[in-house]
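Work out the full structure, taking the sequences as your base and the hints as a guide.
Here are the chains, one letter per residue:
Protein chains: 2
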Amino acid sequence: MTLDQLYHQIQKKKSFLCVGLDVDLEKIPAHLLQEDDPIFAFAKAIIDATHDLCVAYKPNTAFFEAYGVKGWQSLEKIIKYLNENYPDHFTIADAKRGDIGNTSTRYAKAFFEQLNFDSVTIAPYMGKDGVEPFLAFKDKYAILLALTSNAGAYDYQTLTADALPVYQQVLKTASQYKNSDRLMYVVGATKAEYLKEIRQIVPDSFLLVPGVGAQGGSLEEVYKYGANDRVGLLVNSSRGILYASQEEDFEDAARAEAFELQQAMEALLD
Amino acid sequence: MTLDQLYHQIQKKKSFLCVGLDVDLEKIPAHLLQEDDPIFAFAKAIIDATHDLCVAYKPNTAFFEAYGVKGWQSLEKIIKYLNENYPDHFTIADAKRGDIGNTSTRYAKAFFEQLNFDSVTIAPYMGKDGVEPFLAFKDKYAILLALTSNAGAYDYQTLTADALPVYQQVLKTASQYKNSDRLMYVVGATKAEYLKEIRQIVPDSFLLVPGVGAQGGSLEEVYKYGANDRVGLLVNSSRGILYASQEEDFEDAARAEAFELQQAMEALLD
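Line by line, the protein sequences give chains A and B. Each residue of the first sequence is one higher than the one before, starting from 1 at the first, in full-length UniProt numbering. Each residue of the second sequence is one higher than the one before, starting from 1 at the first, in full-length UniProt numbering.
Honestly, I wouldn't trust all of these hints.
The list makes no distinction among identical chains, and a pair is therefore deemed to hold if it is satisfied within one copy or across any two copies.
[Unchecked claim] Here are the simulated SDA-like cross-link-like pairs (lysine to any residue), alpha carbons at most 20 Å apart as the crow flies: (1) LYS178 to LEU164; (2) LYS178 to ASP204; (3) LYS172 to THR160; (4) LYS44 to ASP24; (5) LYS27 to ASN102.
Treat the hints as calculated values from the structure; they're not laboratory data. Computed from a prediction, not measured in an experiment: that's the story for all the values here.
What follows is the structure in structure tokens.
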């Protein structure tokens with residue numbers, strides 16, 4: 001997918017919502033556990049119930065790997081279902097990968113070629129040669145962790161290194177990497193006040209923003225400090241939508257949650 | 001596996017060698033491609049040819065994920081084969097995982113329970129709540145990236161933050177995490193001179209050391225600056241052993257490479 005196409009979808013749907021697919025068998029409605037593949041059945045139902053309200057889906061690989069080969073099969077089915085039925089949606093493998101060059105190339109192949117995701121989240125710690133292999137694929141994107149939404153973000157990301165916080169060093173350095181126009185960045189909604197400075201370093205990049213909802217971030221603040229002239233935001237919600245109800249009405253409840261977020265986004269976009 | 005058992009194996013075999021299983025179908029001997037599962041066939045042959053010379057095996061998950069569900073099936077077969085036939089070997093899933101707490105728990109379950117590895121490599125960027133879930137499992141270990149062997153290590157790891165290089169901040173902070181006795185650290189052999197300072201921060205921890213061989217690190221220097229009174233080192237070699245020959249004699253050639261490293265280790269241990 002191109003960035004123009006993504007922006008077009010945001011305008012068309014008046015939404016910059018990403019739905020995170022963290023499928024937990026202990027939380028899905030009990031009646032789905034009788035299905036052959038309950039993980040896929042649940043994800044498919046959520047996708048069908050929310051697709052017109054969001055522009056992106058983000059399966060979290062940990063939740064699939066925890067079920068071994070079966071989980072990986074479910075992940076393959078979900079991305080195939082998305083690509084066949086909703087090709088206009090931007091797809092994100094939330095995998096937080098990253099290694100030395102020849103290994104990062106393998107991860108890129110896994111997510112861009114084998115599974116055919118549009119993007120994958122990656123970790124910055126190993127530096128340039130761990131990131132650039134992900135940027136070698138046309139119309140594919142790597143979403144680099146910058147400032148995360150969790151408490152541990154303050155362990156290293158906000159330390160001052162050479163007069164700048166580490167997360168700003170990451171943004172500054174990474175935006176010089178080859179094909180950096182294929183980079184996006186993770187910035188947690190719980191740290192919306194940091195977005196103003198972040199936008200000075202990466203004015204044009206898309207930001208993937210977790211932490212609205214369950215983790216307490218404010219959509220309004222994220223938009224106020226983080227939006228650029230092409231919106232430039234994908235705001236994620238996972239648990240708040242997926243487990244809005246754990247009963248038979250889960251699709252309606254998920255849709256209602258997604259609709260509420262989309263309406264709030266539409267108000268901001270207008 | 002307990003750390004006492006690992007130390008006992010090192011003494012018994014006079015080796016602290018870890019063999020990295022980065023199985024690349026483009027590099028394995030052509031005759032193996034006719035097997036049902038060439039990845040497993042190659043890994044099994046390498047394991048059988050080297051097991052008495054090493055104390056650990058380290059499959060690199062990227063090389064399996066690149067082949068999708070089939071690759072994940074091969075990974076399951078390899079760890080099962082190791083646990084059934086060579087239960088005295090320490091097993092490392094080289095996965096570089098790490099995320100917010102509830103997600104890190106899923107990765108820990110994937111590698112410690114679903115696949116039954118002894119350990120998994122993890123990335124520090126997301127901090128404490130991304131690491132501690134991996135430390136909640138008895139006799140299991142998380143191997144945290146500190147100072148890696150690649151060029152990109154200088155992008156962030158060696159920046160000075162609060163008067164210390166970032167990688168030393170990682171060591172200092174992580175060694176205060178709950179159950180930090182279950183932490184090991186990745187330190188690249190290409191930066192052996194840093195090991196002296198590292199040992200002042202984490203004197204008792206095991207270090208996983210990549211970068212000897214293909215990447216140019218010196219085994220002697222790693223031992224000189226990195227060994228503690230219980231050795232405390234696992235030195236990895238992947239490509240140098242796996243692809244010592246790409247012909248039918250690959251097992252003998254791999255064994256010869258592993259033997260050379262084991263002999264050099266034995267000389268240092270004596």
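Exercise. Against the earlier hints, flag every one the structure doesn't satisfy and list their numbers going up.
Key: 1
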